[in-house]
Amino acid sequence: MNISPNEAEEALAAIQKVTQKTRRSVASSGAYIFLIITGLVWLVGFLATQFLTGDIVGYIWTGMTILGTALSIPLGARISRRVHNPSVGAIARRAVLFWVFLILCGIATIAVTRPTDGKQATMIIILFIMIGQMAMGMLTSFSSVWWTLPVVILALIGYFLLPGYFYLWMAILGGGGMIALAFYYRSRW
Amino acid sequence: MAELNETIHQPVRLRIMAALVTLEAGNEVDFSYLRNLLEVTDGNLGAHLRKLEEAGYIAVNKTFVERKPRTYVTATTEGRRVFQEHVAALEAILKRK
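Just so you know, the sequences run in chain order A and B.
Using my numbering, the letters of the first sequence map in sequence onto residues 569 to 757.
Using my numbering, the letters of the second sequence map in sequence onto residues 3 to 99.
Quick caveat, the hints were computed from the structure, so don't treat them as lab data.
Treat the hints with care, as some may be off.
Said to hold, decoys possible - Which residues of chain B face chain A? A partial, calculated answer using Cβ under 10 Å:
| # | residue |
| --- | --- |
| 1 | E8 |
| 2 | H11 |
| 3 | N29 |
| 4 | E30 |
| 5 | L40 |
| 6 | T43 |
| 7 | D44 |
| 8 | N46 |
| 9 | L47 |
| 10 | P71 |
| 11 | R72 |
| 12 | F85 |
| 13 | L96 |
C-beta atoms are modelled at their ideal positions from N, C-alpha and C, and glycine is treated no differently.
Only chain A is shown next, with the shape it has when bound in the complex (with noise of 0.2 Å):
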């Protein structure tokens, strides 16, 4: 089979025309709106527990959860009706068993180390969270899980250097962080 160069050009212009419209359409459909929502959470919970007192922060949190599961739910039903891939479903029940006894051993965790105060107890939660997370990416084969190692980092490095404002350190680069990030992918494709 012979073509001409133009011809060849024209053939790679129609490939990286598509390639491009493919990975703004997946992402569009999801991957980098779970990271906005989950950024909010943590901005607007972290943003509370820093300058809020009382029940007020539970309820915050509380709240913030409910909403980013809602809205997290059925995302994730229309990403999976749009581009799947049939061996995560067959693990489906090991990640749900595997999330279950990591809470448990969070939990677990807490109890025995008896953190004195909230902050202990928040860094002990981010970094089972982020545990979680790096795992299901590694289960589920997503290139997108080294964005967990940097979050883990950066927690401790609020934790350990500027325990007055780790909330408020949380917010922002873990939150908005979160949110950047998730505008980088949809620029980036």
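Chain A is fixed; fit chain B onto it per the hints.
Frame of chain A, contents of chain B only:
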């Protein structure tokens, strides 16, 4: 040296393969979603998918989701390899220009 592939080079099939290869290996895409993405008709897409399936470059999975029939399409390992080879051949032609 990389060779051009006549089956893949057809414009619609080239775009189908480009879309499927862009997804992570093992991921399947819904027929309707692919049709909208490529802006082709049901019949046109179906005919080209059959050609690619016959060549072993894609796999078609007909299943039920929420009691509704759904068709999912994925690029096979061979399809990915042949497509990359086709792209390399196109690039080689441009370099010789």
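- Item | Given hint E8/B near chain A, where the shortest CB pair must fall under 10 Å | Hint holds; E8/B Cβ to chain A Cβ min 5 Å, cut 10 Å.
- With a cut-off of 10 Å on the beta carbons, see whether E30/B makes it to chain A. Cβ of E30/B sits 6 Å from chain A, so the hint holds.
- Item | Given hint R72/B near chain A, where the shortest CB pair must fall under 10 Å | At 8 Å from the nearest chain A Cβ, R72/B passes the 10 Å test, so the hint holds.
- Minimum Cβ distance from N29/B to chain A below 10 Å? 5 Å, holds
- Message: Does the closest beta carbon of chain A sit nearer than 10 Å to the beta carbon of P71/B?
- Response: 13 Å, violated
- Does F85/B pass the interface hint, meaning its C-beta sits closer than 10 Å to a C-beta of chain A? 9 Å, holds
- Query: For the hint on L40/B, does the least C-beta distance to chain A fall short of 10 Å?
  - Reply: This hint holds: L40/B lies near chain A, its Cβ roughly 7 Å from the closest one there, short of 10 Å.
- Evaluation of the interface hint that places L47/B against chain A, nearest CB under 10 Å: Nearest chain A Cβ about 13 Å off; hint violated.
- Under 10 Å, Cβ to Cβ, is where T43/B needs to be relative to chain A, so tell me if that hint holds or is violated. Constraint on T43/B not satisfied, violated at 17 Å.
- Message: A closest beta-carbon separation below 10 Å is what the hint needs, so does N46/B meet it against chain A?
- Response: Since chain A brings no Cβ nearer than about 15 Å to N46/B, farther than 10 Å, the hint is violated.
- Message: Is the interface hint satisfied for D44/B? The criterion is a beta-carbon contact with chain A at less than 10 Å.
- Response: 17 Å, violated
- H11/B as chain A interface residue, shortest Cβ-Cβ below 10 Å: 7 Å, holds
Checked against the numbered hints given earlier, this structure breaks hints 6, 7, 8, 9 and 10; the rest are met.
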